[in-house]
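Protein chains in written order, with my numbering: chain A, 1 to 292; chain U, 293 to 675.
Derived from the structure by calculation, the hints contain no laboratory data. Keep in mind it's a predicted model, so treat the numbers as computed, not measured. We put the CB at the ideal spot given by N, CA and C, even for glycine. Any given hint might turn out to be false.
DSSO-like cross-link-like pairs, simulated, lysine-lysine; straight-line CA separation at most 30 Å [as the list claims (entries may be wrong)]:
1. A:K70 with A:K245
2. A:K70 with U:K674
3. A:K245 with U:K578
4. U:K417 with A:K245
5. A:K70 with A:K59
6. U:K578 with U:K420
7. A:K59 with U:K417
Which chain U residues stay away from chain A? Per the calculated CB distances, all over 12 Å, these [claimed, not checked]:
8. I372
9. N435
10. N474
11. A476
12. D648
Listed below are the residues making up each chain.
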Amino acid sequence: MRKPAFEPGLEKAAEAAERRRGFLLGLPAYVYLVVFFAVPFFIVFVTSFARRSATGATKYDEFSTSAYVKLLDPLVGTIVWRSFWIATITTAVCLLFAYPFAYYIATRRPAVRNALLVLVMIPFWSNFLVRTYAWRFILGSDGPLGTLTEAMGREPFRLLFTPAAILIGLVYGFLPFMVLPLYAAIERLDWRLVEAARDLYADGWTAFRKVTLPLTRSGIIAGSLLVFVPSFGAYVTPAILGGGKDLLLGSYIVTQFGQARNRPLGSALSIVIMAVMLVALMIRNRSGAEEI
Amino acid sequence: MKRWTILLLVLAMTAAACGGTDPADTTASAGGVGSDTTMAEATGIDACAPGETDGDLNFYNWAEYIDPDLITAFETESGISVEYTEYESNEQMLAQVEAGAAPYDLVVPSDYMVDTMLAEGLLVKLNKSALSNLGNLDPAFVNLPFDPTSDYSVPYQWGTTGIGINTATLGDVDPSWDLIFNPAVADQYEGRISMLDDPLEAMVAALHYLGYTLEEVIADNNLDAIAEAEAVLTEANARVAKYDSVNFGDDLVNGEVDIAHGWSGGFFFSFAEVDNPDDYAYIIPKEGGVRWVDNLAIPVTVEHPCSALAMIDFLLDAENGAQLTNWNYYGSPNQASEEFILPEILDDPAIYPTGDALENLEFIPQTGELGLELQDAFLRSKG
Chain A
1 MRKPAFEPGL EKAAEAAERR RGFLLGLPAY VYLVVFFAVP FFIVFVTSFA RRSATGATKY
61 DEFSTSAYVK LLDPLVGTIV WRSFWIATIT TAVCLLFAYP FAYYIATRRP AVRNALLVLV
121 MIPFWSNFLV RTYAWRFILG SDGPLGTLTE AMGREPFRLL FTPAAILIGL VYGFLPFMVL
181 PLYAAIERLD WRLVEAARDL YADGWTAFRK VTLPLTRSGI IAGSLLVFVP SFGAYVTPAI
241 LGGGKDLLLG SYIVTQFGQA RNRPLGSALS IVIMAVMLVA LMIRNRSGAE EI
Chain U
293 MKRWTILLLV LAMTAAACGG TDPADTTASA GGVGSDTTMA EATGIDACAP GETDGDLNFY
353 NWAEYIDPDL ITAFETESGI SVEYTEYESN EQMLAQVEAG AAPYDLVVPS DYMVDTMLAE
413 GLLVKLNKSA LSNLGNLDPA FVNLPFDPTS DYSVPYQWGT TGIGINTATL GDVDPSWDLI
473 FNPAVADQYE GRISMLDDPL EAMVAALHYL GYTLEEVIAD NNLDAIAEAE AVLTEANARV
533 AKYDSVNFGD DLVNGEVDIA HGWSGGFFFS FAEVDNPDDY AYIIPKEGGV RWVDNLAIPV
593 TVEHPCSALA MIDFLLDAEN GAQLTNWNYY GSPNQASEEF ILPEILDDPA IYPTGDALEN
653 LEFIPQTGEL GLELQDAFLR SKG
């Protein structure tokens, strides 16, 4: 065996080969992105500038911005505002429940920690739709809550078909998405910094506020985004638990593609929401949050 | 800043995709749905003889809308097999046909949807010479407003939209929209009422409560009446527990609500499933409301037009038509079927209304430009 003589070209060739290999490895992902993201996105984008005929057909014969103009309708504003609030409250409640819980998990022995994490994941083993229908029973007048209040001689108490029911359903569904990033952030925390704070006479609360909280900020932001984004456009939970009373964005968009037969409006709304989410992600990047 | 690179890449690819596809392609494919006359020639439907089949039938029908035994009987009689799939709304079916999602040979659009599909050139003209049982139809169901010459559709079943009530808790009540809309009557049922999550159905109910019909509102372009109806619905919203077009019957018999706005057959179906069917009733409000007809029609996606015609003719048969009604409790447009329909169905005014209730019913007309306003009025009323 002879060592190859030093040749600058050899290194370059190796680099080029490496790049080619990289490209080939990434090819399935590129194809996936084009087929399942870029093309559908393009269709939605074009449709948002199409025209709705009187019978509801989508006509591509002229460029029309009427769908975007329609977004200024007070009705849309009300729906967006309501969805925004439901998503915000869901995120806040999730954070409130998940932080102490994630903190608890992260500070256990590794064996206990893994067991608790599995418990967080267990609900994912059954279908989301089935679990949401289970809530329908729990919150209905025949459910435990209704039976209890009825046994106490009062009108059966029913949460089903109220905004509170939507909120419960959303918090239930998205809580794990908050717990996991928070756990990851807290688990990575360098506890020596907290000890140092305590050594320097910070009380427990101050140490938490000035050291733990800022250092786990990435987890808070990641978790909040993972909860906020899907609850903002949630469709299934409000449809099943909300009784279709308080219209939210997800249902409104579905209506546009179904009964209303106004695909341009549904598409325009989807585009705007995507743009808003993109801005949210950019803010997340700017704030330096690390991986989930 | 790798993340930014990826993001930029994605955006660049999107831009590339935008540039790469000619929007004219989209236009071409959207406009590619041919006009119905050329379609009829292309499908060879005019060459079909009565009872002739030309391959397995792809039948796309509403959920729970045909006695499975009838399909088996047709398969035995014709020797072909039936690919049977179901949908839950007219719009769902329309989207499938528009997209050419499957080679449907036979679909069942409601009245206003026949209108829409005709306007969009999605229906094939029927070959009436292959329909030997066409004469069995009740003349009242021929040449209806949505298909003035009956060239594209054959009535399948008809029914009404009304109110299902829990008679055990409500007792004897006046059959009227007051139960939902009149504060003096309805306030005591707050939180015990459900309505169809369907803009046109809700608007027609409110309009009839106010003494209008949707037909005249559209003819007069009467925006004031729509505003009035919206106000009625807005006020009712506080009393309504939920809007649901699928579970209205079950919610009533499960006790979630005591008053439910819904389609006749849906209630009968739910009532038949419980131990105490006498505790529930379906009423047609005296002010009237929606009367609908679902129709057999052949969409442009057809591949086996003769088989589709054979199935239509089979269902037009007097006994088979009666079997449809005896199974799903909807009215039959088939006059010859009447002697085979169970007397308790024929004599039930909730299925076969008479007098004022029948007079005041209307078909949902094509809404045209007012359609979006009606949609929005309903959505606004929900808050």
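Outcome of the hint check:
Our distance criterion of 30 Å between C-alpha atoms is met by K70 of chain A and K245 of chain A, whose separation comes to about 22 Å. As the CA atoms of K70 of chain A and K674 of chain U are separated by approximately 19 Å, the hinted pair is consistent with the 30 Å bound. Simply put, K245 of chain A and K578 of chain U have alpha-carbon atoms about 27 Å apart, close enough for the 30 Å limit, and the pair holds. Distance restraint check for K417 of chain U and K245 of chain A: the Cα-Cα separation of roughly 41 Å exceeds the 30 Å cut-off, and the hinted pair is therefore not satisfied.
For the hint linking K70 of chain A to K59 of chain A, the alpha-carbon distance of about 17 Å falls within 30 Å, and the restraint holds. Proposed proximity of K578 of chain U and K420 of chain U is contradicted: the alpha carbons are some 38 Å apart, above 30 Å. Simply put, K59 of chain A and K417 of chain U have alpha-carbon atoms about 24 Å apart, close enough for the 30 Å limit, and the pair holds. Against chain A, the non-interface label of I372 of chain U holds: every CB pair exceeds 12 Å, the least being about 33 Å.
Consistency note on N435 of chain U: stated as away from chain A, and its beta-carbon is indeed over 12 Å from all of that chain's, at 21 Å minimum. The Cβ of N474 of chain U lies farther than 12 Å from every Cβ of chain A, with a closest approach of about 21 Å, so its non-interface assignment holds. The Cβ of A476 of chain U lies farther than 12 Å from every Cβ of chain A, with a closest approach of about 22 Å, so its non-interface assignment holds. Here D648 of chain U stays apart from chain A, with its beta-carbon at least about 30 Å from theirs, past the 12 Å limit.
Hints 4 and 6, counting from the list given before, are not met by this structure.
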